[in-house]
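There are 2 protein chains.
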Amino acid sequence: MPSYTAPLRDMQFVLHDLLKVSAQDIPGYADLDRAFTAAVLEEAGKVATNLLQPLNAVGDRQGCRLENGVVRTPTGFAAAFDAVRSGGWTAIDCDPAYGGQGLPYVMHMVAQEPFVSANMAFSIYQGVTHGAYSAILWHGTDAQKATWLPKLVTCEWTGTMNLTEPHCGTDLGLMRTRAEPQADGSYRVTGQKIFISAGDHDMADNIVHLVLARIPGGPDGVKGVSLFIVPKFLVNPDGTLGARNAVSVGKIEEKMGIHGNATCIMNHDDAVGYLLGKAHKGMRAMFTMMNEARLGVGLQGYAQAEAAYQNALAYARDRLQGRDILGAQNPDGPADPIIVHPDVRRNLMDQKTFVEGARALTMWGATLIDRAQKNGDTDADGLISLLTPVIKGFQTDKGFEMAVAAQQVFGGHGYIEAWGMSQFVRDARIAMIYEGANGIQALDLVGRKLGADGGRPVMAFLDLIRGFVTTNQAEARLKADFLDPLEAATADMHAAALYFMGQIKTPHAALAGSYDFMHLTGHVCLGLMWAQMARAALDALDARASDSAFYETKLATGRYYMARHLPATAMLLARITTGAAPVMALDAAHF
Amino acid sequence: MPSYTAPLRDMQFVLHDLLKVSAQDIPGYADLDRAFTAAVLEEAGKVATNLLQPLNAVGDRQGCRLENGVVRTPTGFAAAFDAVRSGGWTAIDCDPAYGGQGLPYVMHMVAQEPFVSANMAFSIYQGVTHGAYSAILWHGTDAQKATWLPKLVTCEWTGTMNLTEPHCGTDLGLMRTRAEPQADGSYRVTGQKIFISAGDHDMADNIVHLVLARIPGGPDGVKGVSLFIVPKFLVNPDGTLGARNAVSVGKIEEKMGIHGNATCIMNHDDAVGYLLGKAHKGMRAMFTMMNEARLGVGLQGYAQAEAAYQNALAYARDRLQGRDILGAQNPDGPADPIIVHPDVRRNLMDQKTFVEGARALTMWGATLIDRAQKNGDTDADGLISLLTPVIKGFQTDKGFEMAVAAQQVFGGHGYIEAWGMSQFVRDARIAMIYEGANGIQALDLVGRKLGADGGRPVMAFLDLIRGFVTTNQAEARLKADFLDPLEAATADMHAAALYFMGQIKTPHAALAGSYDFMHLTGHVCLGLMWAQMARAALDALDARASDSAFYETKLATGRYYMARHLPATAMLLARITTGAAPVMALDAAHF
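Chains as they are written, first to last, in my numbering: chain S, 1 to 591; chain A, 1 to 591.
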């Protein structure tokens, strides 16, 4: 049975040594001092360890059941959801006007990590609700906000995103669900939606579906798609729950993982819906949810890897097998712990460097969102728009890969369900698929974000890195180990971007290299994070910080990532510059 | 529900265009002409498609059940096993003296592929039996051979390998199972063995366990380990089955995949056993099984990827979503099939180039085994010893990765069990773990095989590649696309081998780079296969072969692998030459 402990020391390092949050000129950040974030994260860690982690295996084994049209969640989920709710964990960054705590988004994100690590399936109920909250907050009328937000903030009601239909996932222009306008200004929604996370369950009084549908007579394709609020129960003018709406669960999907989350087929049969935002502008409102969701999914990628890593590390310290080739490290025992073996170390270091780098990147991304939203900083907005597909795509690919690597440490035991490592792998797998499969993230990055605003964001990102390198050039402790590899990787990224620009007339070339470019950029991002973390660690050491072992470890960990992972950028560039020809050579019939 | 069709055309290409089996100077090979292998493979393909593939999902859903001490296999397995048996599929390469067909090993391997692709869990019952057959054939007395082999050849009795114990997997020196010698020359075996594939089931009259155990008084560690035949039922002198032996199933493990195969805890409680081979030389006999099993597991790696690929390809041709950026390819439909999108192509080409390259490598390996065993060719023996850990480790890592990639083509549907793509991923995962986890394969390669016989095998391998490059240097159709990348990758492999030799006093350096070296060598192997396949395709085209489209496709497919995958070797070399320091920098306490 796996265990989980929130990595509080590393979270604090990211918030304070790296990001120096309380010194940032963003509204609300001054309150985020070390003592405050420590208190919040310690409490979040307790909830995760004591309440959510023990339910993770329960959720996997039991799954959700559809009984007489109602979804039953696994034993213990409802009580845990009550505890999460009453602890205020659903409201951290929500608007105080609707009962939220009004803290910065970064605080919401960092406090979410332990929940996701401890029980990803459980955390999704809250995650999709937060997305629905944001969409209504940004696009709703005052009346809609007053009706729906207070209950979504507390998760007394939960939310969903109803996008996908059986024949239409990525290509939402093919959507068939229809919304007929009614005399009273409401709509009647009809259609089938699939893959609806938290589509129904027994942990909330009402479920607020946000549903993409077509208003007859509107434009074809995605330009004719609108977003609707379709509640499970209608809400009376006094706020009490009224009649059951005509939206029902067709089926719970049997999936590879996240069994504790009810992934539903939802049937809308002339269900009452309310237009959210403008008619035919549903995609814009949906992307408010989607972009937030994508950062959250990027967090899932590394958070699952963190949980898997913790257990792999414990096993590697515990399992006795073979001897250190340099001499017994545990001479009184029958064998040495397998952590002495270099290949086991390699594996653990891969996991550790990814998780810590991705945590830094995700939290930096969260501060960019705060800066964009609260300070109206368009540069920050451009940067996070550029990096969102990377955080989602790269981190979930690598997060899955690292969960597999952690499972591998266990040998045959890793394949046995009782050890729990299989669940990390099976759960982590979904993050590469939902909220836009990773190929779509790569397409978004290369086809949309790279050229956005005349290429300003990508150039600003490259300049930011070069600025860091230039500023620290004289620091011998960074030069060869951090700055040189970062500079080389950044040059590879720049060369790849220039290559794409030079292929403007052969768009297949950019698309053929898009996935490689997403990974290339991911490595550059983590390289930047590690270089900045090394800088922060040196600063702490120079200031004679008390826990020097932590900072020395951070430096050594970073050297590993730079030495052993940044060489990937040259390979990815080599692949990218082979262009479209090798990829597109075959006629589809000749595969 | 997935489908499967044996890739007969490609198998024939590998056997005849690439390996030219019927022209090889190995006993029995002259009979392997195109017509003969076509007839065999067509029939194997029918069994796989019609009988085994439909049972794959059944096995996954039902799993095996332990009922009153007896393992019940999934519905339909027993009838299918009878059909496989009566079709002679278990006896292809077995010794005619014991009822086998006496065909070359390569014929056994190539005919196995469809079975493994169609139903990996099912194929394991036969696979482990073949291993037990080989161990007894090579190490048994005449009486033992007469008693056990005829029934193992037909799979009327099946075999197992009992190695692992709860506290000892890789490090077999820790083994506790004991074998007490008896006055009649037999032994009494006591101990618990875990992870026993096909440990018990209802498809055979008897089960022949090959059990590693310690004879009291023998040397410590692996040098005191002996191998025993421990049958489920004792066999009377007349060959009929006698008393039930004291070996029983403790439990069937609940696993991530291969649910159709019963992975058992086996308890030996003073069970009657017969020494196989010499006392304390059990590891040698076990390695006869193990090496064969490792090649078979390497086959599983690509065979699962083949099955997953076939379904991903079909889905990519069928699923309509989005439009080709260059213009609609299916203008009358609502959207284009997703195979038009470059990133989907990239994904499919990754799968296709891996599977075809790995098939070639595996079958080449099988011919090396035939050459080593039937011709006593020590060079062939050295080469296949070197390549076995690569075929096992690289091909199962990549096979899993490609099954994941195939699943990704399905988007959200890939995560739903009913589509069957999850099963390919879950089943393929075990191949990276069993028969020596892939980290152990890497250790075997670098720690044992690389320096074997003064490095002769690896130098012979490098010379073989260079010879091919030199011979074909003037062929413009190969030079830039195949020979140059192969030469560069081979130089990287050579440099890595030299680096390890230079670090002889710091063995951690070689061990820290062992996994990378296994993958580096894997890419060189597949690069060689693709270059040789390109040569074979050109020869066929020059000879005006009738199906020129097949050969043109083969060339274009190969160009993709060379252009987009061989650049990995430079990255892997860069990682390797960072040495042990980054990997071993942390104290175990500081992780």
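Heads up, some of the hints might be wrong.
Each pair may be met inside one copy or between any two copies, as identical chains are not told apart.
[Said to hold, decoys possible] Using 20 Å as the maximum straight-line C-alpha spacing, the simulated SDA-like pairs for lysine to any residue come out as follows:
1) 20 - 375
2) 251 - 1
3) 281 - 448
4) 505 - 72
5) 251 - 217
6) 479 - 385
7) 278 - 267
8) 251 - 68
9) 479 - 577
10) 505 - 323
11) 223 - 242
Think of the hints as simulated: they come from the structure by calculation, not from any bench.
When Cα atoms must be at most 20 Å apart, do residue 251 and residue 1 count as within-copy, between-copy, both, or neither? between (30 Å within a copy, 18 Å between copies)
Is it within, between, both, or neither for residue 479 and residue 385, if the alpha carbons may be no more than 20 Å apart? neither (30 Å within a copy, 43 Å between copies)
First find the shortest C-alpha distance between residue 505 and residue 72 inside one copy, then the shortest across copies, and answer within, between, both or neither for a cut-off of 20 Å. Result: close neither inside a copy nor across copies, 54 Å intra and 62 Å inter.
Intra/inter-copy verdict for residue 223 and residue 242 if alpha-carbon distance must be at most 20 Å: neither (33 Å within a copy, 77 Å between copies)
Classify it for me, residue 281 with residue 448: is the Cα-Cα distance of at most 20 Å met within a copy, between copies, both or neither? within (19 Å within a copy, 64 Å between copies)
Given identical chains, is residue 505 near residue 323, meaning Cα to Cα at most 20 Å, within a copy, between copies, both, or neither? between (59 Å within a copy, 17 Å between copies)
Is the C-alpha distance from residue 251 to residue 68 at most 20 Å within one copy, between copies, in both cases, or in neither? within (11 Å within a copy, 36 Å between copies)
Status of residue 375 relative to residue 20 across identical chains (alpha carbons, at most 20 Å): within (17 Å within a copy, 71 Å between copies)
Regarding residue 278 and residue 267, is the shortest C-alpha distance of 20 Å or less found within a copy, between copies, in both, or in neither? Result: close neither inside a copy nor across copies, 24 Å intra and 69 Å inter.
20 Å Cα threshold - placement of residue 577 relative to residue 479: Cα proximity of residue 479 and residue 577: across copies only (19 Å, versus 29 Å in one copy).
Between the shortest in-copy and the shortest cross-copy C-alpha distance, which are at most 20 Å for residue 251 and residue 217: within, between, both, or neither? neither (31 Å within a copy, 63 Å between copies)
Checked against the numbered hints listed earlier, the structure breaks hints 4, 5, 6, 7, 11; every other hint is satisfied.
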